[in-house]
Amino acid sequence: MTGQVLVSKSLETLRTVKVSQNMDGLLKIHRRNPNSEDRSTRAESFSFPISKGMTVLDALLWVKEHVDAGLAFRYSCRMGNCGSCGMMVNGKPRLACETQISEVGNRVEVAPLPGFPLVRDVVADFDTFFRRYSEIKPHLIRHETENDRPPQIELLQTDEQLRDYYQFSMCIMCGLCDSACPIVAGDPQFLGPQALAQAYRFAADSRDQGWKEREKIIDTVHGCWDCRVAGSCSAVCPKGVDPDLGIQLLKRKLLAGRFKPALVPEAQ
Amino acid sequence: MRESTLQLINIAMIMALLLTLPVHFAMQAFLGVGGYTQALAYNTVADRYQTLITITLLTVLLAAASYHGLYGLRRILLEFKSGPTWDRLVSAGTLAAGLVILGWGLRTIVVMGWGI
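As you go down the protein sequences, you meet chains A and B in turn.
The first sequence begins at 75 in the working numbering and counts up one residue at a time.
The second sequence begins at 21 in the working numbering and counts up one residue at a time.
Same shape as in the complex, but just chain A (with noise of 0.2 Å):
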């Protein structure tokens, strides 16, 4: 369909657009706006142009700019580093700004992330995450009294050192994992296994000495104890982290502390 378009916005309304390329995708976008009169969920369809290496982030940002100013939707890097724009498109979790749209056919639909509050159309609200996150403390944790100097020098590691955490610190928080979740859907208590895979990457790192403090959190019934390896985490995490095998590592190392506090390492 060239020169003119037809966008459907709801199955009432038709809305004319002026356009001079070829209109072969039809992107449907679920939104909803809690903080309206009306909050219920409504799926729109928009025409957009395919062009080559188009992605879904470009997609929305098309309609954004030719059809609807209104439609809401995060993003910043527009190359999968900062975690923004996670999204469900055509049923899965991805970053919209790193699935093409040759990848999943010219018929898109996206959709919030579930399993978090929503703020508007396709935005998650990801206080909880965060808080989540904190929890942990994701951070080196280092005991250095007031009167010790500080490391005069780097804190330096080996590479297999690096390597026992390295995938872990990849994670770009963009939530695809806990929205992947089904554990995380149903207990709210549950710390997720973005958290729990961060948990891992601070205590493998041989320069943390946080050990005994994360071990509180994490040693929980919704802690790692919660997990039970659905494997969802890792299925969509898009940077290949892999959280879960981050979990069982910690619930390895949580059993292994309790016969041999020596099997935890304490940092250097």
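There may be inaccurate statements among the hints.
Simulated crosslink set (DSS-like; lysine-lysine; CA at most 30 Å straight-line) [claimed, not checked]:
#1 Lys101/B - Lys126/A
#2 Lys102/A - Lys313/A
#3 Lys101/B - Lys211/A
#4 Lys101/B - Lys290/A
#5 Lys126/A - Lys138/A
#6 Lys126/A - Lys313/A
Far from chain A, some chain B residues (derived; all Cβ distances over 12 Å) [what the hints assert, rightly or not]:
#7 Leu41
#8 Gln48
#9 Pro104
None of these hints come from the bench; they were simulated from the model.
Glycine residues also receive a C-beta, built at the ideal position from the N, C-alpha and C atoms.
With chain A's structure known, arrange chain B on it following the hints.
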């Protein structure tokens, strides 16, 4: 008690079940005094409580099965609702149920074994 401790006890109980259950079933099927057909006859069952080995076996089996079953039930119940009050209620409830089952089972073993 830390969750890893409970989990560790659960693993120990699973190991105990793996050891005792085959022996228990074997006793029912072909090691029993009355053979397979008489496995559940009153006298056959009563005879099993007369030796220290079988009393020990049944006690371990009772403790392991109770713990393993109730630990699993606790995890299932904790998924139904969420909140610290529910957590405490479920943990206390399953602990109480475990003590009742263990107490009742031990009473049976003592009564049958020593004829009290």
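Hints, one by one, checked against the model:
1. Lys101/B - Lys126/A: Between Lys101/B and Lys126/A the Cα gap is close to 49 Å, so the pair fails against 30 Å, i.e. violated.
2. Lys102/A - Lys313/A: holds, 26 Å
3. Lys101/B - Lys211/A: holds, 27 Å
4. Lys101/B - Lys290/A: It holds: about 23 Å lies between the C-alpha atoms, which stays within 30 Å.
5. Lys126/A - Lys138/A: holds, 19 Å
6. Lys126/A - Lys313/A: The given pair, whose Cα atoms are some 23 Å apart, holds under the 30 Å limit.
7. Leu41: Answer for Leu41/B: holds, closest chain A Cβ roughly 23 Å.
8. Gln48: holds, 33 Å
9. Pro104: violated, 8 Å
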